[in-house]
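Visitor: So you can see what is in the structure, the chains are spelled out below.
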Amino acid sequence: MPTQATRYSPLAQIFHWVIAGLIIVQFVLARLAEPLPLGVHKLALLARHKSVGMTILMLAVLRLLWRLWHPAPPLPPGMTRFERIGARATHVAFYVLLFAMPLTGWTMSSAKNYSVSWFGLFTWPNLIGKNEAAFDFLRTTHDTLSDALFAVAVLHILAALKHHFWNRDDVLVRMLPFTKAARRSR
Amino acid sequence: MKLSMQLIAAAGAAALLGSAMMSASASAASYAADPASSRLEFTGVQAGAAFKGVFHQFSAAVDFDPAAPASAHIDVTIEVKSVDSGDKDRDDTMRGADIFDAAHFPTAHYVTRSVTRTATGFSAIGALTLRGVTKDVPIEFKFASAAAGTTLSGTAELKRLDFGVGRGDWKNTDWVADSVKVAFSLDLKPKT
Numbered sequence: 000m001p002t003q004a005t006r007y008s009p010l011a012q013i014f015h016w017v018i019a020g021l022i023i024v025q026f027v028l029a030r031l032a033e034p035l036p037l038g039v040h041k042l043a044l045l046a047r048h049k050s051v052g053m054t055i056l057m058l059a060v061l062r063l064l065w066r067l068w069h070p071a072p073p074l075p076p077g078m079t080r081f082e083r084i085g086a087r088a089t090h091v092a093f094y095v096l097l098f099a100m101p102l103t104g105w106t107m108s109s110a111k112n113y114s115v116s117w118f119g120l121f122t123w124p125n126l127i128g129k130n131e132a133a134f135d136f137l138r139t140t141h142d143t144l145s146d147a148l149f150a151v152a153v154l155h156i157l158a159a160l161k162h163h164f165w166n167r168d169d170v171l172v173r174m175l176p177f178t179k180a181a182r183r184s185r
Numbered sequence: 000m001k002l003s004m005q006l007i008a009a010a011g012a013a014a015l016l017g018s019a020m021m022s023a024s025a026s027a028a029s030y031a032a033d034p035a036s037s038r039l040e041f042t043g044v045q046a047g048a049a050f051k052g053v054f055h056q057f058s059a060a061v062d063f064d065p066a067a068p069a070s071a072h073i074d075v076t077i078e079v080k081s082v083d084s085g086d087k088d089r090d091d092t093m094r095g096a097d098i099f100d101a102a103h104f105p106t107a108h109y110v111t112r113s114v115t116r117t118a119t120g121f122s123a124i125g126a127l128t129l130r131g132v133t134k135d136v137p138i139e140f141k142f143a144s145a146a147a148g149t150t151l152s153g154t155a156e157l158k159r160l161d162f163g164v165g166r167g168d169w170k171n172t173d174w175v176a177d178s179v180k181v182a183f184s185l186d187l188k189p190k191t
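These protein sequence lines are chains A and B, in that order. Using numbering that gives the first Met the number 0, read the first sequence as starting at 0 and increasing by one per residue. Using numbering that gives the first Met the number 0, read the second sequence as starting at 0 and increasing by one per residue.
Be aware that a few hints might be false.
Said to hold, decoys possible - Derived lysine to aspartate or glutamate pairs resembling EDC-like cross-links, with alpha carbons at most 20 Å apart:
| hint | chain 1 | residue 1 | chain 2 | residue 2 |
| --- | --- | --- | --- | --- |
| 1 | B | Lys51 | B | Glu40 |
| 2 | B | Lys158 | B | Asp168 |
| 3 | B | Lys158 | B | Asp186 |
| 4 | B | Lys87 | B | Asp97 |
| 5 | B | Lys51 | A | Glu131 |
| 6 | A | Lys41 | B | Asp177 |
| 7 | A | Lys41 | B | Asp86 |
| 8 | B | Lys141 | B | Asp74 |
| 9 | B | Lys87 | A | Glu82 |
| 10 | B | Lys80 | B | Glu40 |
| 11 | B | Lys134 | B | Asp161 |
| 12 | B | Lys87 | A | Glu131 |
| 13 | A | Lys129 | B | Asp83 |
| 14 | A | Lys129 | B | Asp88 |
| 15 | B | Lys170 | B | Asp90 |
| 16 | B | Lys190 | B | Asp64 |
| 17 | A | Lys41 | B | Asp173 |
| 18 | B | Lys158 | B | Asp97 |
| 19 | A | Lys41 | B | Asp91 |
| 20 | B | Lys51 | B | Glu78 |
| 21 | B | Lys180 | B | Asp86 |
| 22 | B | Lys170 | B | Asp62 |
| 23 | B | Lys180 | B | Asp62 |
| 24 | B | Lys80 | B | Asp90 |
| 25 | A | Lys129 | B | Glu139 |
| 26 | B | Lys188 | B | Asp33 |
| 27 | B | Lys80 | B | Asp62 |
| 28 | B | Lys87 | A | Asp146 |
| 29 | A | Lys41 | B | Asp62 |
| 30 | B | Lys134 | B | Asp86 |
| 31 | A | Lys129 | B | Glu40 |
| 32 | A | Lys41 | B | Asp90 |
| 33 | A | Lys41 | B | Asp168 |
| 34 | A | Lys129 | B | Asp86 |
| 35 | B | Lys188 | B | Asp62 |
| 36 | B | Lys51 | B | Asp90 |
| 37 | A | Lys129 | B | Asp90 |
| 38 | A | Lys41 | B | Asp97 |
What the hints contain is simulated information worked out from the structure, not anything from laboratory work. Keep in mind that this is a model prediction, so the values were computed, not measured.
Next comes chain A alone, as it looks inside the complex (with noise of 0.2 Å):
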């Protein structure tokens, strides 16, 4: 049989984590904000939010690029047609998601004439000019988006679990650093 990669390449999954857990960052950040007055405080909060989306949109943009030339490992054999589904919609939900949220933020922010500066180094351009009726759509389906993907990362981490330890397959530890893949299969 032809050796195929069975892991995640060192690159994809500097990418998967450090994007994981600036999404984490990113939920912690907003839920600190938004029930703040205008303030310095919330300001600070966001400033550092819109960095790090910016930072997200740069890295999926990366990690798109990386994925395109880079397939994923196959899927272990044994799964179901409605899992395999089920994998890939999660997955391509993740992605769609990636670029949806920074893009959203970042244009619900021109749309409200606040630029977006990238930790106070550089200043993104406007994508949109002043307009009050898209900030108010955009915010909705940031929101809305954001809980999307909170969804998703539940069902994702779940699945994660579930093919570690129900599987017991290398679905888990193929994308973990520092592990070696030992078990191929259920």
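Fit chain B to the known structure of chain A by using the hints.
Guide: Chain B only, in chain A's frame:
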């Protein structure tokens, strides 16, 4: 005969016109800025990103003769509640007690004390009263008078905290820069 009379008349008219121009330039002309076509803009930096705002309501009285800048006088009164930074939430915050406190300090005022010519235009030192605090702020400006109109346009830079613009948390300069740039373009109409 007829021709020479005309020449004399023309020469006399030219002399009259010339002396009229002389006297006009010897004393500063008085102007008022047309509010509709004048602009008073500032640029702040918030969370690392610049934002622009304008004051919609202000009046400016200008006495200016480019040949005698020392006698010039520029006097501007600004209604701070007319601030417009393109976001209502930010504008309301700026009008509030911690920033401009428009309820207690409804106007800002700038009046020049001395104007001098520079290599590229003019510079002035004037007193800015903002939020009840008066401090000197220099401005650089150009004066352009042509058939199309008379314009006085220039820039200034000031530190908002010199005037107490930013109390409490808003004193923080990591997220809202101390330095604020001001740009203005006054469309001057002769006072009648």
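Visitor: Does each hint hold? Answer for all of them.
Guide: So, going through the hints one by one against the coordinates:
no., hint, result
1, B:Lys51 - B:Glu40, "holds (7 Å)"
2, B:Lys158 - B:Asp168, "holds (16 Å)"
3, B:Lys158 - B:Asp186, "violated (26 Å)"
4, B:Lys87 - B:Asp97, "holds (16 Å)"
5, B:Lys51 - A:Glu131, "holds (17 Å)"
6, A:Lys41 - B:Asp177, "holds (18 Å)"
7, A:Lys41 - B:Asp86, "holds (16 Å)"
8, B:Lys141 - B:Asp74, "holds (16 Å)"
9, B:Lys87 - A:Glu82, "violated (49 Å)"
10, B:Lys80 - B:Glu40, "holds (14 Å)"
11, B:Lys134 - B:Asp161, "holds (8 Å)"
12, B:Lys87 - A:Glu131, "holds (10 Å)"
13, A:Lys129 - B:Asp83, "holds (12 Å)"
14, A:Lys129 - B:Asp88, "holds (13 Å)"
15, B:Lys170 - B:Asp90, "holds (17 Å)"
16, B:Lys190 - B:Asp64, "holds (14 Å)"
17, A:Lys41 - B:Asp173, "holds (13 Å)"
18, B:Lys158 - B:Asp97, "holds (16 Å)"
19, A:Lys41 - B:Asp91, "holds (16 Å)"
20, B:Lys51 - B:Glu78, "holds (17 Å)"
21, B:Lys180 - B:Asp86, "holds (19 Å)"
22, B:Lys170 - B:Asp62, "violated (37 Å)"
23, B:Lys180 - B:Asp62, "violated (24 Å)"
24, B:Lys80 - B:Asp90, "holds (8 Å)"
25, A:Lys129 - B:Glu139, "violated (31 Å)"
26, B:Lys188 - B:Asp33, "holds (6 Å)"
27, B:Lys80 - B:Asp62, "violated (27 Å)"
28, B:Lys87 - A:Asp146, "violated (28 Å)"
29, A:Lys41 - B:Asp62, "violated (45 Å)"
30, B:Lys134 - B:Asp86, "violated (29 Å)"
31, A:Lys129 - B:Glu40, "holds (17 Å)"
32, A:Lys41 - B:Asp90, "holds (16 Å)"
33, A:Lys41 - B:Asp168, "holds (11 Å)"
34, A:Lys129 - B:Asp86, "holds (8 Å)"
35, B:Lys188 - B:Asp62, "holds (11 Å)"
36, B:Lys51 - B:Asp90, "holds (11 Å)"
37, A:Lys129 - B:Asp90, "holds (14 Å)"
38, A:Lys41 - B:Asp97, "holds (15 Å)"
Hints 3, 9, 22, 23, 25, 27, 28, 29 and 30, counting from the list given before, are not met by this structure.
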